[in-house]
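J.: Now for the letters of each chain:
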Amino acid sequence: MRRDLLDALNAARAEKRRTAVVTKLDDGDQLLLIDGEIEAGGLVAPADVLDAAEAALDKDTSRTVEAGDGHLYFVQVFNPPLRLLCVGAVHIAQALAPIAAQAGYEVIVIDPRGAWASRERFPGVRVDDRWPDEALDALSPDRRTAVCALTHDPKLDDPALVRALRSPAFYVGALGSKKTHANRVERLTEAGLTAAEIERIAAPIGLDIGALSPAEIAIAVMAQITLALRGAKGR
Amino acid sequence: MTPDDDLLMKAAQWADAGKHVALATVVQTWGSSPRPVGSQLVINEDSDFEGSVSGGCIEGAVVTEALDVMQSGESKLLEFGVSDAMAWEVGLACGGEVKVFVEKLEDR
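Protein chains in written order, with my numbering: chain A, 1 to 235; chain B, 236 to 343.
Be aware that one or more of the hints could be misleading.
[As the list claims (entries may be wrong)] Here are the simulated BS3-like cross-link-like pairs (lysine-lysine), alpha carbons at most 30 Å apart as the crow flies: (1) B:254 / A:24; (2) A:59 / A:24; (3) A:178 / A:155; (4) B:311 / B:254; (5) A:59 / B:311; (6) B:254 / A:59; (7) A:24 / B:245; (8) A:179 / A:155; (9) B:311 / A:24; (10) A:179 / B:254; (11) B:311 / B:245; (12) A:16 / A:59; (13) A:233 / A:16; (14) B:254 / A:16; (15) A:233 / A:59; (16) A:155 / A:233.
[Claimed, not checked] Label pairs and their calculated CB-CB ranges: (17) A:207 / B:248: 41 to 47 Å; (18) B:248 / A:189: 51 to 57 Å; (19) A:228 / B:308: 31 to 37 Å; (20) A:98 / B:280: 40 to 46 Å; (21) A:115 / B:271: 53 to 59 Å; (22) B:291 / A:51: 21 to 27 Å; (23) A:114 / B:248: 38 to 44 Å; (24) A:98 / B:266: 31 to 37 Å; (25) B:291 / A:208: 41 to 47 Å; (26) B:314 / A:51: 42 to 48 Å.
[What the hints assert, rightly or not] Output of the computed footprint for chain B on chain A, the stretches with three or more beta carbons under 8 Å from beta carbons of chain B: (27) 5-11; (28) 22-31; (29) 62-76.
Think of the hints as simulated: they come from the structure by calculation, not from any bench. Every residue gets a Cβ at the ideal spot worked out from N, C-alpha and C, and that includes glycine.
The following block holds chain B by itself, in its conformation from the complex (with noise of 0.2 Å):
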């Protein structure tokens, strides 16, 4: 397990760092979505992320919303489907629906 290939660890690499960080996890998932519930994204202030949430049509969404979450400190629920009035912009390819819990890793 090296911080080059496991997420958790770049995490705390990049806070070591003095980067805020903010980590995205697929919690809920219907239909053909492309990532497994628990997969990762983890992104730094500079818009830096490793992993994915989804078949990378919606990373570009969670990026976005991660650098607010850094901001806030709130953590948020974000919900991807077709049926999501964003879909045009925003929605996956696929058909299936993603729930996306963005949180702030707090710093030391």
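Chain A on its own, in the form it takes in the complex (with noise of 0.2 Å):
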């Protein structure tokens, strides 16, 4: 690896970006992908093995791949971290902060009501006291985003989800009955949000297990946002 390759790596990844670095594994030749351009490295690759880089970023996971010009070629893959927005520092965000924790997502909860949002409740997470909006313009929700506005109040969850919805977020989420979100619905289609934008939103927020207490309702929350991130295997 050369060493201004290892340089532009550390520092893409330090910047969260989508990076690949592709080996020709016959001679070591190499090239640094960053947000889809190549950025470093000497390596020429066909172009199947460039989309195979892309599919592997999607899926998350580094492999070799057999390139049509016979060569084999190694794509690895530097995602930057799975992070989930959680609006509203309530009861269903205490249990779906360390679970979503264990799953490798970097958690920030949202309030600005700051006794909801106190250290003694959110121990080890990161609690932003802004307003959701200010909040979420700062934390600009990318495509290894998951958001779940949980609040029940409109002013609160609405502009979180008019942001995360015009964002690359994988997943935004809302609570609330069909009732709530009918209205959710039309708030958010006055504030001119196109239908299929608003039909991003999964709600109500979470798989239906019949989920009832906050642990529950987090665990279905985490499963949809698992869902969503790596597909239905189709068994």
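Since each chain sits alone in its own frame, please combine them into the complex, following the hints.
T.: Written out as structure tokens, the structure reads:
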């Protein structure tokens, strides 16, 4: 590996960019792929290898590819970390944060209401006490980010949902009954969101497993987020 | 992300300190290999290493090969598995097979 490639790779990882290293296994020639562009390295890879690299990034799985040219190429994936933004430092968020952390997500709980978002209620969790619109603008959800609106309060949930739905976030869920959601759809439509944008909301939130307690709802939500990330296997 | 827990930052840090460095990466696995594809080991010229490419059964052999790669500058593709002639020495106890790519980190 060339030193300039390693330095560019480390910089891209620190900036949480979508990065892959492609290595031709015969001779070790490499290229660095950042956000779809070749940024470093001397390897000229065939198009099918670059396509395979993008597919590997989508699947978040490093793999060796046998290319049409008969050579083996290794694609090493360096995706940004998974993130879960929870709007609302509510009871369900208390249950969801540790489950998501165990599943490998960086969890950020967003709530401007000081009493809710206290350290004691969320030990070891990053709590952001900005208003949700401000927080989401700053945190800028990417393709590796899931967003859950859990406050039941339109003043807090709606501005977050508007931003999440217009971001590349791979999952957007909102707590609330069907009736609550119908009202929400009306408000978001008035706010100028398209039907296709609004349809992205998982609501009522969570897979339908009959969840009742906050912990059960958290499990249903985490399962739904996992499904959105990985896709069903069709067994 | 700090050099202490990040292998590729560790590699850069060692190189900055004037050490020769090699990277070993699991590029393919079959069967029940202990570490997934993409797992890495970084090695310096003093045989210090961080990370893992197996449950510990082949790291010794990989470090030896890495020292050779640091000298020659030529990358190597190593294969380990129970079917390997070297199985008695450095085979994988789990019965899996693994291919490890070893490359030198070139000097600046």
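J.: Could you run down the list of hints and mark each one as holding or not?
T.: Outcome of the hint check:
no. : hint                      : result
1   : B:254 / A:24              : holds (25 Å)
2   : A:59 / A:24               : holds (21 Å)
3   : A:178 / A:155             : holds (19 Å)
4   : B:311 / B:254             : holds (20 Å)
5   : A:59 / B:311              : holds (27 Å)
6   : B:254 / A:59              : violated (35 Å)
7   : A:24 / B:245              : holds (24 Å)
8   : A:179 / A:155             : holds (17 Å)
9   : B:311 / A:24              : holds (11 Å)
10  : A:179 / B:254             : violated (65 Å)
11  : B:311 / B:245             : holds (21 Å)
12  : A:16 / A:59               : holds (17 Å)
13  : A:233 / A:16              : holds (28 Å)
14  : B:254 / A:16              : holds (28 Å)
15  : A:233 / A:59              : holds (13 Å)
16  : A:155 / A:233             : violated (38 Å)
17  : A:207 / B:248: 41 to 47 Å : holds (44 Å)
18  : B:248 / A:189: 51 to 57 Å : holds (54 Å)
19  : A:228 / B:308: 31 to 37 Å : violated (45 Å)
20  : A:98 / B:280: 40 to 46 Å  : holds (43 Å)
21  : A:115 / B:271: 53 to 59 Å : violated (43 Å)
22  : B:291 / A:51: 21 to 27 Å  : violated (36 Å)
23  : A:114 / B:248: 38 to 44 Å : holds (41 Å)
24  : A:98 / B:266: 31 to 37 Å  : holds (34 Å)
25  : B:291 / A:208: 41 to 47 Å : holds (44 Å)
26  : B:314 / A:51: 42 to 48 Å  : violated (27 Å)
27  : 5-11                      : holds (count 4)
28  : 22-31                     : holds (count 4)
29  : 62-76                     : holds (count 5)
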